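**Student:** Given next are the chains, with one letter for each unit.
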Amino acid sequence: MADITTLHTGLNSGRKHSVLVVEDEDNIALALDFLLTREGYTHDRVADGDAALPKIRAMQPDLVLLDVMLPGASGYEICQTVRLDPLLKAVKILMMTARGSSIERRKGLAIGADGFITKPFELKELRDEVRRLLTPEG
Amino acid sequence: MLTRLSLRIRVFLFFALLLAGALAALGLGLWMGYHRLGADPAALVGFVQAGVVAGFGILGLIAGIWYLFDLNVAKPIDILAGSLRARAHADVTGEMNAAIARYLGDLAPAATAAATSLSETRNALAESVAGETATLAEQKARLEALLSDVPVGVLLCSGNHALVFYNGPAVDLMAAGAAPGLDRRLFDFLREGPVRHAHARLVASGDDDAATDLLCSTTTGAQVLQARMRLLPQGAGYVLTLRDVTADLAAQARQDALLTEVLDRARRPAANLSTLLAVIPEGQAGPGPMDAALRQEVQALVGAVTELSARHDEARQDHWPLTMTRATDLADSLKARLQAHDLALETVTADLLLRCNGFEVISLLDDIAVHIRAAGLAQALRLSIVEEDAGAMIRLVWVGQPLSMRLLEAWLEEPLDRAVPDIISRSVLATHATEIWPEPFGALQSLCLPIRQARRVTQRPKPVQRRVVYDFDLLDKASNSVVADTALSDLTCVVFDTETTGLLPGQGDEIVQIAAVRIVNGRRVDGEVFDTLVNPRRGIPLSSTEVHGISEAMVVDAPFIEEVAARFHKFTEGAVLIAHNAPFDMEFLRRVEGKIGLRFDNPVLDTVLLSAVVYGQHEVHSLDALTHRLGITIPQEARHTAIGDTVATADAFLKLVPMLRGKGLVSFGDVLTEVRKHGRLLKDLNG
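Respectively, the protein sequence lines represent chains V and G.
Numbering follows our numbering, in which position 73 of the first sequence is assigned residue number 73; successive positions increment by one, without gaps.
Numbering follows our numbering, in which position 39 of the second sequence is assigned residue number 39; successive positions increment by one, without gaps.
Keep in mind the hints are simulated off the structure, nothing from the lab.
Heads up, some of the hints might be wrong.
Unchecked claim - Cβ pair distances, simulated, as ranges:
no.	chain 1	residue 1	chain 2	residue 2	range
1	G	MET324	V	ASP85	37 to 45 Å
2	G	THR347	V	GLY40	48 to 56 Å
3	V	PRO86	G	PHE441	17 to 25 Å
4	G	ALA247	V	GLY40	36 to 44 Å
5	V	PRO71	G	ARG418	26 to 34 Å
6	G	ALA336	V	PRO54	41 to 49 Å
7	V	LYS89	G	PHE441	18 to 26 Å
8	G	ALA310	V	LYS89	33 to 41 Å
9	V	LYS89	G	ALA247	44 to 52 Å
10	G	MET324	V	ALA58	25 to 33 Å
Said to hold, decoys possible - Interface residues of chain G toward chain V, partial, derived using beta-carbon atoms under 8 Å:
no.	residue
11	PHE12
12	PHE14
13	VAL302
14	PRO402
15	GLU435
Here the structure is a predicted model, which is why all the values come from computation and not from measurement.
For every residue, glycine included, the Cβ atom is placed at its ideal position computed from N, Cα and C.
Produce the complete structure using the sequences and hints provided.
**Tutor:** Now the structure itself:
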């Protein structure tokens with residue numbers, strides 16, 4: 001625990017934040033790749049729900065951009081597993097969905113997502129949300 | 001000729017004739033005696049004197065005997081005949097007054113014996129009929145209850161489109177308000193075209209079992225109704241079932257409009273984007289203005305999609321075929337179903353009504369609860385239903401391990417009911433536009449299922465009078481528009497009574513209450529009642545309040561006479577008006593005709609005059625006396641209320657009709673001619 005916190009605070013003072021994109025649509029992934037590079041994050045992408053968890057465990061990213069509808073495990077399932085895993089406590093999750101009813105948002109937040117964003121989103125909106133989540137509170 | 005005169009007049013004429021004969025014989029005798037004496041003028045004075053004395057003597061004697069005869073023979077016979085008629089035709093029971101006819105020898109006891117025997121025979125017959133009738137009535141009541149409770153409107157119409165039967169929902173659907181009515185034309189409520197067209201189509205098909213669907217609307221156009229028409233056997237008429245599709249159609253129209261807007265607002269930016277991109281060489285950035293244009297189009301597209309999706313979500317809530325279901329009912333049903341699986345459920349519910357398909361929601365929760373136990377997560381569950389935002393949150397709570405989304409999502413892919421493999425549990429979420437998820441609940445675990453719409457259970461609104469109203473004899477009734485030729489028993493009548501601030505309409509007295517009932521085919525229709533207070537725009541004298549019990553405070557919020565009179569005019573349309581002492585009530589109505597621009601030009605009958613025709617003018621014709629003679633009792637508390645007096649008058653009229661028929665007065669015209677003979681008792685109001 002302690003070392004993760006130390007690591008996290010250390011990130012602010014120089015080290016690049018890392019972001020994992022879990023998204024099956026290639027075009028969105030391409031745009032996100034472009035944006036994240038421009039923002040100066042290190043990042044990676046997986047396109048399959050089942051591949052997401054091993055990747056998160058291996059990579060320990062600061063933030064996961066998580067699509068809800070995925071082949072294999074759903075975004076909700078991935079989110080819940082991450083939240084139930086104490087080793088992944090520092091991983092923030094921003095969920096993305098094409099349908100964005102208030103009930104879906106409620107569900108995402110209840111399951112443990114840190115943010116929820118509805119497609120189609122403007123990249124500026126996404127960028128602000130990512131920045132907010134990567135800035136430690138307080 | 002002479003037989004048409006009443007008995008008392010004939011007796012009077014008989015005595016007059018006797019008097020004339022006796023005087024003539026006296027005159028002749030004296031004249032002959034005078035001439036025998038050689039017409040001596042001196043004797044003339046003596047003869048004249050003798051003649052005058054004898055003449056007055058004879059006059060006095062005959063007049064006296066006539067008076068006794070009239071008082072003790074003719075009048076009692078008349079009264080006795082009236083009483084017998086009342087018993088013969090109108091089912092009046094009770095002792096006959098034999099004392100009035102004590103000089104008629106055995107006639108009165110004989111009549112009493114005949115009446116008693118008649119009454120006994122009637123009772124015996126009535127008893128056996130009553131047994132049969134009770135069975136029929138029971139079946140009828142069951143059928144009525146069934147038809148009054150079905151949520152669709154059911155109407156039965158005769159071949160000429162007059163209402164013969166209707167239930168409560170039909171009244172609501174047709175927005176018929178306070179004045180529906182048997183024997184009214186259907187087209188007073190529904191637009192004529194589609195109904196006539198469908199009827200013609202069915203008649204032309206010649207198939208007795210054929211039914212046809214049609215779409216019609218109320219005359220006001222406020223409601224669009226989906227209807228199904230089926231002919232009755234032997235062309236007697238048809239059945240119409242009605243369902244309100246106004247809301248469905250409006251929702252459909254909104255959906256269509258939304259879809260059109262979606263396509264429209266997506267098509268233009270899409271086309272613009274494609275054009276803009278086509279002119280930019282592939283792999284290169286566009287020049288500044290082109291880039292700005294691209295961004296603007298994308299912005300427009302994104303804005304449109306976001307806004308339209310939100311509106312779509314909102315609209316979805318409007319047209320689900322979901323009903324308001326009690327939270328406690330949901331909890332009880334789930335508890336029962338889980339008990340069958342040996343799974344205990346504790347329930348905590350707020351007093352809410354949830355807009356949902358109860359069966360589906362319970363099936364889903366049942367299914368998941370059983371899975372939760374099978375997965376070893378919990379052995380007992382608690383269900384809580386609480387208010388949340390505009391809706392409600394259904395929560396299954398347990399102590400133990402959390403439920404993983406992986407399991408939950410797998411369960412949602414299973415069929416809700418094994419017999420219907422196509423419908424999976426997840427579809428329940430789609431119909432309710434909701435989601436389901438696990439969530440920690442304090443130190444416990446829970447599963448959340450929000451329901452979008454719910455409201456608190458409030459005091460039930462006053463139950464609407466749900467009943468069916470009908471008269472199947474109307475199906476056989478030949479329509480006869482000429483009132484004068486119509487039999488009294490076939491007339492559609494409105495019997496009414498008013499209570500007023502006083503007895504002088506000419507000096508500013510006003511109506512404070514109007515009540516009326518309809519009589520159709522010789523039957524008072526229980527469900528068709530008009531009864532309302534009226535604000536008289538003036539004080540009510542205490543002396544009047546003491547009579548009818550209506551105080552000024554009671555009429556403060558009542559409508560004014562113009563509004564009530566207009567509604568009353570609608571209620572009485574096409575009917576004969578009947579009142580006890582009609583000129584009094586009619587004068588009050590006539591006074592508002594100018595203000596409302598409507599005329600009460602209905603034919604009018606007065607039960608005072610009808611009573612005079614039946615019982616003769618020597619009787620008292622007050623409402624109390626008349627109803628007493630006819631064996632009708634007005635409950636003391638109902639006397640001098642407009643509706644109490646109205647019902648009594650209506651029942652009196654119904655008993656008078658067969659008595660009039662017994663006197664050979666069958667049609668309205670016959671009765672009117674007879675009534676006019678009693679015109680000096682009261683003025684006739686039929687022009």
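**Student:** Falls inside 18 to 26 Å, the C-beta gap from LYS89 (chain V) to PHE441 (chain G)?
**Tutor:** holds, 21 Å
**Student:** Take the C-beta atom of MET324 (chain G) and the C-beta atom of ASP85 (chain V), compute their distance, and say whether it sits inside 37 to 45 Å.
**Tutor:** The hinted range 37 to 45 Å holds for MET324 (chain G) and ASP85 (chain V), with Cβ atoms some 43 Å apart.
**Student:** Evaluate the given range 41 to 49 Å for the C-beta pair formed by ALA336 (chain G) and PRO54 (chain V).
**Tutor:** holds, 45 Å
**Student:** Just tell me: holds or violated, for the beta carbon distance of ALA310 (chain G) and LYS89 (chain V) against 33 to 41 Å?
**Tutor:** Since the Cβ atoms of ALA310 (chain G) and LYS89 (chain V) sit about 34 Å apart, the hinted range of 33 to 41 Å holds.
**Student:** Checking hints one by one. Is PHE12 (chain G) an interface residue toward chain V, by the C-beta closer than 8 Å rule?
**Tutor:** violated, 96 Å
**Student:** With a cut-off of 8 Å on the beta carbons, see whether GLU435 (chain G) makes it to chain V.
**Tutor:** Holds - the Cβ of GLU435 (chain G) comes within 8 Å of chain V, reaching about 4 Å at its closest.
**Student:** Please check whether THR347 (chain G) and GLY40 (chain V) have a Cβ separation lying inside 48 to 56 Å.
**Tutor:** holds, 55 Å
**Student:** Note whether the CB distance of ALA247 (chain G) and GLY40 (chain V) lies within 36 to 44 Å or breaks it.
**Tutor:** violated, 56 Å
**Student:** For PRO71 (chain V) and ARG418 (chain G), compare the CB-CB distance with the range 26 to 34 Å and indicate the outcome.
**Tutor:** holds, 28 Å
**Student:** Given the hint of 44 to 52 Å, is the C-beta distance from LYS89 (chain V) to ALA247 (chain G) inside that range or not?
**Tutor:** Given a distance of about 51 Å, which is inside 44 to 52 Å, the answer is holds.
**Student:** Let me know if the C-beta of PRO402 (chain G) comes in closer than 8 Å to any C-beta of chain V, holds or violated.
**Tutor:** Holds - the Cβ of PRO402 (chain G) comes within 8 Å of chain V, reaching about 7 Å at its closest.
**Student:** Under the criterion of a CB-CB separation shorter than 8 Å, is VAL302 (chain G) in contact with chain V as hinted?
**Tutor:** It holds, given that the least Cβ distance between VAL302 (chain G) and chain V is near 5 Å, below 8 Å.
Of the hints listed earlier, those the structure fails to meet are numbers 4, 10, 11, 12, in rising order.
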